[in-house]
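J.: Protein chains in written order, with this note's numbering: chain P, 2 to 548; chain W, 129 to 471.
The set of hints was computed from the structure by calculation and includes no laboratory data. Remember, it's a predicted structure, so these values are computed and weren't measured experimentally. Be a bit skeptical, because a hint or two may be false.
[What the hints assert, rightly or not] Coverage of chain W stretches by chain P, computed from C-beta distances (three or more under 8 Å per stretch; other residues unrestricted):
| id | segment |
| --- | --- |
| 1 | 158 to 170 |
| 2 | 191 to 200 |
| 3 | 207 to 221 |
| 4 | 224 to 231 |
| 5 | 310 to 321 |
| 6 | 361 to 375 |
| 7 | 437 to 446 |
Glycine residues also receive a C-beta, built at the ideal position from the N, C-alpha and C atoms.
Listed below are the residues making up each chain.
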Amino acid sequence: MQTSERKKPNYLNAEHTVASWLLTVDHKRIAILYLVSITLMFFIGGLMAGAIRTELLTPAGDLMSSDTYDKAFTLHGIVMVFFFLIPSIPATLGNFLVPLMIGAKDLAFPRLNLLSWYVYIVGATIGIVATVTGGLDTGWTLYTPYSTAYATTNVVLPAIGIFITGFSSILTGLNFIVTIHKMRAPGLTWFRLPLFIWAHYATSIVMVLATPVIAITVLMVVLDRGFGLGIFDPKAGGDPVLFQHLFWFYSHPAVYIMILPAMGVISEVIPCFSKKRIFGYNFIAASSLSIAVIGFFVWGHHLFTTPQSMYAAMAFSIISFAVAVPSAVKTFNWAATMYKGSITFEAPMIYAFGFMGLFLVGGLTGLFLGALGLDLHVHDTYFVVAHFHYIMVGGAIMAYMAGLHFWWPKITGKMYPEGPAKAAALIIFVGFNLTFFPQFLAGYAGMPRRYHYYPPEFQIFNVLSTAGASILGFGYLLPLCYLLWSLRHGREAGPNPWGATGLEWMIDSPPPPHNFDTTPVVNWEPYDYPAAHRDAAKDAVPEAASV
Amino acid sequence: MLLSLSLFPPQASTNAAEVDALYLFLVALCSLTAFGVIAAMTFFAIRYRRRPGNEVGADIHGSTVLEIIWTAIPFVILMFVFAWGASLYFKLSRPPEDAMEVFVVGRQWMWKIQHMEGRREINTLHVPLGKPVKLTMTSEDVIHAFYVPAFRVKADVVPGRYTTLWFQPTQTGEFHLFCAEYCGTEHSRMGGSIIVMQPAEYEAWLAAAPGGGGLPSGGSASLTPVQLGKKLFTEKACATCHLPAPGGVGPVLVGIYGQQVELASGATVKVDEAYIRESILTPLAKVVKGFPPAMPTFGGQLTEEQVMSLIAYVKSLSDGAGSGAAVPAAPAASTPATLAPAN
Ligand code: HEM
Ligand SMILES: [Cu+2]
Ligand SMILES: [Cu+2]
């Protein structure tokens, strides 16, 4: 269907005005809006990270005041978590791909989708402006009663920013759930869905169920602070630890909002570059759902040092170990997918390898933290900082890069340059490990997190880490440059440069405004690689769309 | 050697060695797992790379047997790790009966420490070698956390309630004390040291300047917590209601520590530090059965140190049979010797 005229309009060139972008209801254009916004956020957050790492080169606080340092790590955390990582894969790749992968013309509620971007922009702008002008020094975790009664900085506005952004997650999640239920192409049964869709389905459930809790919690902080309600104030009979329960009741599931979509990306990339079906499809799909569900019952593992009851702590610990199992299952399945494959090493695959290595380390070090007696030592040290960066930066961002490279030809119609992309993947991998591995050691040696001044015996770890961070920062700048370069100079991609399965690869790149001229009818299994590849081998541009 | 030194904090408590053992076990287990997965992937990547004759992957869907194996085996191993970690935690949650007690009050940005024998210090805690020490802690403002890497222990210090932490030092020397919960500007400098001394030296240190070197607070600096509590018990008029024998407005406090009390609500509660604290600061929260809710609220009128002293005093009333008779009127008879835990 895409063969005849080469000049058919696509979603990028169909209209050119600014209004056509800012008022678009096309999920693909909204994905681009998100892509641009979160990239900006990433570099703002990255700037703060640079400031923090530079300060930590020496044990004394000599570059900035402690207050400035505290504001830097707070801004870093808030921007990276709420304004970058949570929307990252779902709002960009998810927005772009969910309708394409299920053969739909758009999401179920296109206007709601646009609204969610505006809500995000309003929330993020309030958050950033407030944090930059007044500054906020509570850490991204906003613990009470520091945030409610003692911080002299501007807590209310950034909190409102987080509150508002939350609604954009809820709207996106809602949109995905309805779309996946209602708009699948004929024949596309649940077990024919790509695992990327399963992952986004699980993520959406978490978004819809958990995000209201953080919204209410942040609102309680605002009320406590603004009107002295005293919910978290022991002097008024409130309980400051209650905040931590509420906060982590959202924020633990939120870490799955950040990692599940990443797992979805990896489940697409590895089969494609192994030219082989995914190993254990049902088990990977089921593990996404079980992670989403069990993930709601482990929040107390962030509170092992608080005065929660010993038996509660034990329950949270055992459930945390249980939730580690489905992640392990996924990892084994991805590795097994390569067995007897026909493996090539394009940049998305290299990024996916990077994900595997870093996610392994991140997940395995979670076991240290889940072990009660051991967590009492490493809680709130750099060990925790290293753990969650391995998963959320090492894992989630590596997967995001893998996905961005994998679908870049689909999104833009252009190929990125392979050499620089592979080099960047390697540089990021090396820089990442040099930055964060020493932090495990610093943490076990006893260095607490959020320390502006630190005892000199920890300097060696910090110097290594800062050195790594400069490599990492350079690594992250590379894709920005060559991906932008490819927009103008990249090779034409064609509909399916990777010989991949999946409906999105059967239409033009970039896709036409309404995705599918005729609704596809699906009568094949997902990851039908051996068969698909046999066709593709005969024909440079596969004709799969003829179905 | 140098390297190994810097990868571990000093191993200076009974707990430290046990935590390190679990840590090393996990390091080995996780290295093995990571190595296994990475080795498999590397092998596959080389062996099954695309080349003439291997253009297409094999048509494999999966293997239920394998899935069961690699679900069950990790599950069993993880349950073992859980049990190990939980048993350490269980021990750390139960201070030994004979532990020496110390009060700790955190505030932005210092640690105030009160020994039962009267000596106070700031940001430094002296303790004797080989004796279990139990800290009873609270905060005057935000949440802090008391963290001693060399002992591998940490506990949050929360305003409005008591938390406890215990350890048994096994090495003399000076060790880091950190605040591990972010608490504002000077968080990273809210620390100090733990100084572990030989018991004899420690006794000498205690005796050297009783009450000295600490906060001068209204001339009470030289009193032990029990003595200060006793003084407050009269000054704050507790003694008018709480008589040494039945007949007063309030219940007799002699001998109540560690007992079960029946409440007006029908529930029973064990008398511990937290309960006594609550009884003083918010008496209406738990009213004792058979008494009117007549006790005035002392919340906001006492400093954390004063509350701790009153508790120490109320506890001292349960120290052996004789001392009870001396409640309101006896001279400063509750000496450190009465209070000092049985060795
Ligand atoms: C698979 C994805 C995972 C993600 C995305 C993730 C993410 C995170 C994040 C963001 C934090 C720290 C938040 C903070 O304090 O600022 C954290 C801490 C923690 N993680 Fe994970 N984690 C994952 C896996 C695991 C696993 C498998 C376990 C245990 C079995 C685990 C156990 C913990 C524990 C106990 C903490 C709290 C540590 C402490 O503060 O003492 N995590 N994780
Ligand atoms: Cu968690
Ligand atoms: Cu602190």
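J.: Report holds or violated for chain P covering the segment 158 to 170 of chain W, Cβ cut-off 8 Å, minimum 3 residues.
T.: The restraint on the segment 158 to 170 of chain W holds, since 7 of its residues have a Cβ under 8 Å from chain P and three suffice.
J.: Counting residues of the segment 361 to 375 of chain W whose CB is closer than 8 Å to a CB in chain P, do you get three or more?
T.: violated (count 0)
J.: Apply the coverage criterion to the segment 310 to 321 of chain W and chain P: a residue qualifies when its Cβ sits closer than 8 Å to a Cβ of the chain, and three qualifying residues are needed.
T.: holds (count 8)
J.: With a Cβ-Cβ cutoff of 8 Å, does the segment 224 to 231 of chain W contain at least three residues near chain P?
T.: Contact hint for the segment 224 to 231 of chain W vs chain P: violated, 0 residues under 8 Å.
J.: How does the segment 437 to 446 of chain W fare against chain P when you require at least three residues with a CB closer than 8 Å, holds or violated?
T.: Three-residue rule not met by the segment 437 to 446 of chain W, so violated; n is 0.
J.: Are at least 3 residues of the segment 207 to 221 of chain W within less than 8 Å of chain P when you compare beta carbons?
T.: Holds: 13 residues of the segment 207 to 221 of chain W have a Cβ under 8 Å from chain P.
J.: Between the segment 191 to 200 of chain W and chain P, are there enough contacts, at least three residues with CB-CB distance under 8 Å, for the coverage claim to hold?
T.: Satisfied; 5 residues make the cut.
Against the hints set out earlier in the document, violations occur for numbers 4, 6, 7.
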